[in-house]
Amino acid sequence: DAKTTQPPSMDCAEGRAANLPCNHSTISGNEYVYWYRQIHSQGPQYIIHGLKNNETNEMASLIITEDRKSSTLILPHATLRDTAVYYCIVSPRSSGSARQLTFGSGTQLTVLP
Amino acid sequence: EPEVTQTPSHQVTQMGQEVILRCVPISNHLYFYWYRQILGQKVEFLVSFYNNEISEKSEIFDDQFSVERPDGSNFTLKIRSTKLEDSAMYFCASRPLEGSYTFGSGTRLTVV
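Sequence order for the protein chains is L and X.
With the first letter of the first sequence counted as 1, position 106 gets the number 106 in our numbering; the numbers rise by one all the way through.
With the first letter of the second sequence counted as 1, position 68 gets the number 68 in our numbering; the numbers rise by one all the way through.
Derived from the structure by calculation, the hints contain no laboratory data.
This list has only true hints and no planted wrong ones.
Residues from chain L shown here face chain X by an in silico Cβ test under 8 Å; the list is partial:
no.: 1; residue: Gln42
no.: 2; residue: Ala98
no.: 3; residue: Ser105
Owing to the predicted nature of the structure, the values given are computational and were not obtained by experimental measurement.
Ideal Cβ placement from N, Cα and C applies to all residues, glycine included.
In isolation and in its complexed conformation, chain L is listed as follows:
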């Protein structure tokens, strides 16, 4: 699996957009970008994933650059409950295989009141 690079920590003001960057310069053509988060030692929670198009769901938006070497997770209106460690993971599409996720150190996002 391609490796990812994320800043170790970021702060964001409550109500503002949180933009979390991720570099994945060695991503290969069949690898997706997945984002998970972990709130204070709870189990990781799926947020969103994408291949090359931008994606949006009820939780977040995912912007992937045209060359796919980096991406940004956007939480449009961060709340205190979004304080968590955010993991960017690249992995081949999981269909038909038991491929596991490889977690890095992630970005500790702290939403400030």
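Dock chain X against chain L, hints included.
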């Protein structure tokens, strides 16, 4: 929303004892996993399970570990002779054929 359920939430055991951590994956999911997270460290893959057998395991998953799916609903992780360094959060996860992983809330194992 369907959940992955793990029991117990906290287990304290003496070194050398056997422990069984239990998980109830989401019912229509096909792939099952165990991960662990030592305090302050990364989430680490232990083992994946599909079609009633181990698909893949990490180097952490040595002979003291075993997994079972004894019936249609439970998925267990057994640690035969616990060591102090086995103290960690253990997360179960499951996944359908197509789709994302759902993790349980974890079992905190403390070996004393």
